[in-house]
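> Taken in sequence, the protein lines are chains A and E. Numbering of the first sequence is given in our numbering, commencing with residue 656 and proceeding in unit increments. Numbering of the second sequence is given in our numbering, commencing with residue 17 and proceeding in unit increments.
Note that these hints are calculated values from the structure, not bench results. The structure presented is a predicted model; accordingly, all values stated were derived computationally and were not measured. You can trust all of the hints, since none of them are fake.
To give an idea of the interface, some chain A residues facing chain E are shown, with a C-beta separation under 8 Å as derived from the structure:
id, residue
1, Ala694
2, Lys698
3, Thr784
4, Arg791
5, Asp814
6, Leu816
7, Lys818
8, Leu819
9, Asp885
10, Asp889
11, Ser896
12, Ser1034
From the three backbone atoms N, C-alpha and C, an ideal C-beta is built for every residue, glycine too.
Listed below, chain by chain, are the residues.
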Amino acid sequence: MARQLTPLGRVLVVLAGLALLGYGLFKYDVLSKVGGIVAPEKKAEGTVSRDDFGQPGSGEAVPSGGGSTTTASVKGGSRLNRPIKVAIVLWGGYAGGIMANGGMAPNPDSVFTRDYGVQVEMLQIDDFTKSRDAFRAGGDKGGVDIMWSTVDAYALEYDGLTKLAPKAILQYDWSRGGDAIAVDASIKSVRDLKGKKLACAEATPSHYFALYVLTQGGLTNRDVDWVFTDSAVDAANVFKSGKVDAAVSWSPDVYVAARERQGGHILASTKEASNLIADIFVARGDFLEQHPEDARRFVAGWLKGVEMVQKSPERAAVLLQKSLSGVNTLEDAKGMLEDVKLPDYSENRAFFNPQGSLVNYQSIYQTAQNIWRKIGKLSRVYPGYQTVDTRFLEGVAEYFPRAEEAKPEFEFKTPPKPAAEPILVKTVSIFFPSGSSNLDENAKAVLDTQVVDLAATFGSAYMRISGNTDNVGSRDTNLRLSRARADAVTRFLVSKGFDRNKFEVVGNGPDKPVASNDTDEGRAKNRRTDFEVIPR
Amino acid sequence: MALNVREAVSERHARALALAGLLTFLAVWCVLSYADIVPSVILPSPTEVLQAFPVLHFQEALVRSAGWSLYRVTMGFALSGLVAIPLGLLMGTFPPVKHFLSPLVDPLRFLPISALVPLFLVWFGIEETMKIMLLFVGTLVYLLPLVVEAVEGVDDVYLQTATTLGASRWQLVRHVLIPGSLPAIGEALRVMNGIGWTYVILAEIVNARYGLGHIITVAGKRSHVDQIFAGVIVILLIGVASDFLIRIVNRQLFYWKR
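Work out the full structure: start from the sequences and follow the hints.
So, in C-alpha cells, the structure goes:
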C-alpha cells in the first residue's frame, strides 16, 4: 500500500534527487565541461616581467602635437561664471593650489581670483569611487570639473571615462615616499617576497608600484600571492593585523602599520622610486572645450602657488593643516609636504614633453596601459596623446618668463654608504666582445630598455654597477676587465644625463659567481652586470 | 478607474498591473537614456546594460561570481537561521530569557555593519570565514527579533486550550508554540533572505576573487556604470528567484497555515 508522503518528505526527496544528480554530473566530469561554457573563468592573467617596463617605443609613435614646443592657442569658448570645482584627497600634493587659493573655498584674496580672474573651489573627496561619481556629474550639476588621478591609474580608468573625453592638464606632484611597501621581519629584499602574501588595493598606484618593484627585482606578478583590498588603508590594516606578509599602501597608514607590527619595516618607497607615481589633474572634455581660458588661468594660478610653497613651506604647512580634514597636527602637515615633490612650470613642461624628461607622461602612460592590459584589467587601449591636452600648460608661458630648462633634481655629493643594503638587484646580461670593454649598439639598446628607465625611476637612489665574469682566464685580467666594462656602462648612463656621482662602479671579476663555472650555461649566467638600487 | 480602499483584485488583473508597472519603469528608463535627458555616464541606456553582460560573462566570470556570492549569502543566511530559530524560540517562550538577552539583542539592530569590516578582518582573516561571518551577523540581527515576535504572536487561546487538556511544558512548546510560530518564522526567513544581498558588497570588499559585490565595486571604481547596472540586475534576479523558491517551500512545509 502506497503511503502518502508528507510535504517535508517531498521536499527532502526532491533535495536528495538533486544532490544525486549533481554528484553524478560532477563525478563524470560533465559539470566542469558545462561549467566552462556556462561559467567561464576570468580572463587569464598574463605575466608581467621586467621587460614590460621601460621599453621606449613600445607604444605608438607620438605625433608632435602631444607636447611639442609650438604654443597652441587657447581660444574660443566662454568664461565661467562660477568657481572651477576640483576634487582632491587628503594628500600633500595639493599644497600649490591650496596656497594659491588661500584655502579650499573661493575667496577674493585668492591668487586665482586676484591675479588670474578665476574662482577655484577644492573639494576633499577621499572615497575614490565618489570622486569619480562627482567627475561624471560635472561641475554644472553639483559635481566637479577637474579630478585628481595618477598617470598609471588614469591609463586604466580612461576606458570608463571616454564619453567625457577627459584630458590630463597638469602634474601637481610626484609621490616621494607617499607610497611604500611594508614587509615583515623575514623579508629583506624584493626577492624574499616570492610566494608571500602581498596586500594592496587592486588596480591602483599601490598595485602599479608593487608590480614595478617586483619585476625590477627579478620576480613576476605570478610570484606573489595577491590579496586585494578595497582601499590602501584596508591593505595597511590587513598587514597590521598579521594576515599578510607585506602590503603596499600610502602615507601615513603604511608607515604606522610597519611600525606597529612586530618586526615590520619598509622595503621600498617612492622616496627611492622617485619618478614612478605622478599625480595629475584630469579635466572633463566639455569643460575644456567650453571654458578653455578658465582652464589656462587655473593652471597658471596653480603653478604660481607651487612657487609660493617653495618660498614659504612653513606657511604652506599651516594652510594645509587648516584646509584638509584629517591632518591633526602641524607636524603631520609638514610630513605630508615631505612625501611629495611639487613640479614647477618648467618641470611640468618637461614632464608632458615625450622628448623631455627620461621618465615622462607618455612613457608612464604607455607602460602602465601595457601592464594593465597584460594582467587582464583592460581590454581596449587608447593612444597616450588622446588622453592629454598640453595647450593650457603651454599657454601660461607668459606668466613664467624666467623659467629655465628643468634642472636635474637630485644631487649626489657623497658616494653611497658601502654597507647599505640594496632594495633590489637587477641582473642584466650585456654582451661584450671577448676581452673588450666597448659597448656595441646592441649592448646600448639593452641598457636603454633595461637600465635607463630603472635609474631614472629610482631617481633619488644611488646605483651600484658591478661587472662580473666567469672563471676563464686569469683573475687579474678578469678583475680589470669587469671594472672597465662597468665603467663603460656607467659612462653610457652618464651620457644619458645622469649625475656621475649617482653611480658606484665595482669590478668583481670571477669572485661573485651566481652559478657553477663548470658548465657553459653556468658561465653564461656568471657573465653579467648587476645593478643594485641603494637608498640614500 | 476609481481606487477603492482594499478593493479585491482578481489574480489576472493583478498580473496585468504588475506587468504594466514594470513596462512603465522600462519606458521611463528608455526615454531618459535614449533621449539623452540624463547623460549615459550617469544613467546607461538599456542597450548599454545589455551589452555589458557579455563583457562581464567572458572577462569577469559573471556566473562564477554569482555562484560565489550566492554561496556566501546562503551560508550566512543558513547560519543565522540555525542560531536565530532556537534562540528566538527560547526567548519567545520564556520571557525571563528574553529580558536577560534583550539589552544585548535590541541595540544590535542599530549595528552599522560597515564599521565591522575592519574588526572582522582582524578576527576572522581575509578568507571566506570573514565574508560569511559578516553576512551571518548582518542577517542575524534582523532575523532574531522576527523569530521572537513570531513565537510571541501565537495566540494565547491555543496555549490555554492545551494547558486545559493537561499538556506538559514540553508538550506546549512541541505541539503549540513551534507549529504555531513556524509559518511566521518561514515568512521571516523569506523576507530576511534579501538582507544578505544588501551586505554582499561589504563582505566582498577584501580579497574576493569572485563575487557580484566585487564586480560592482570594481565597475564603480573604473566608471563602468553599465556594468554596475548589470551586476545589480543579476542580484535582483537571484533575489526574486530565491524569494519564489522559499515561498514554494514554505507553502509545502507549513500547509496547516494555508
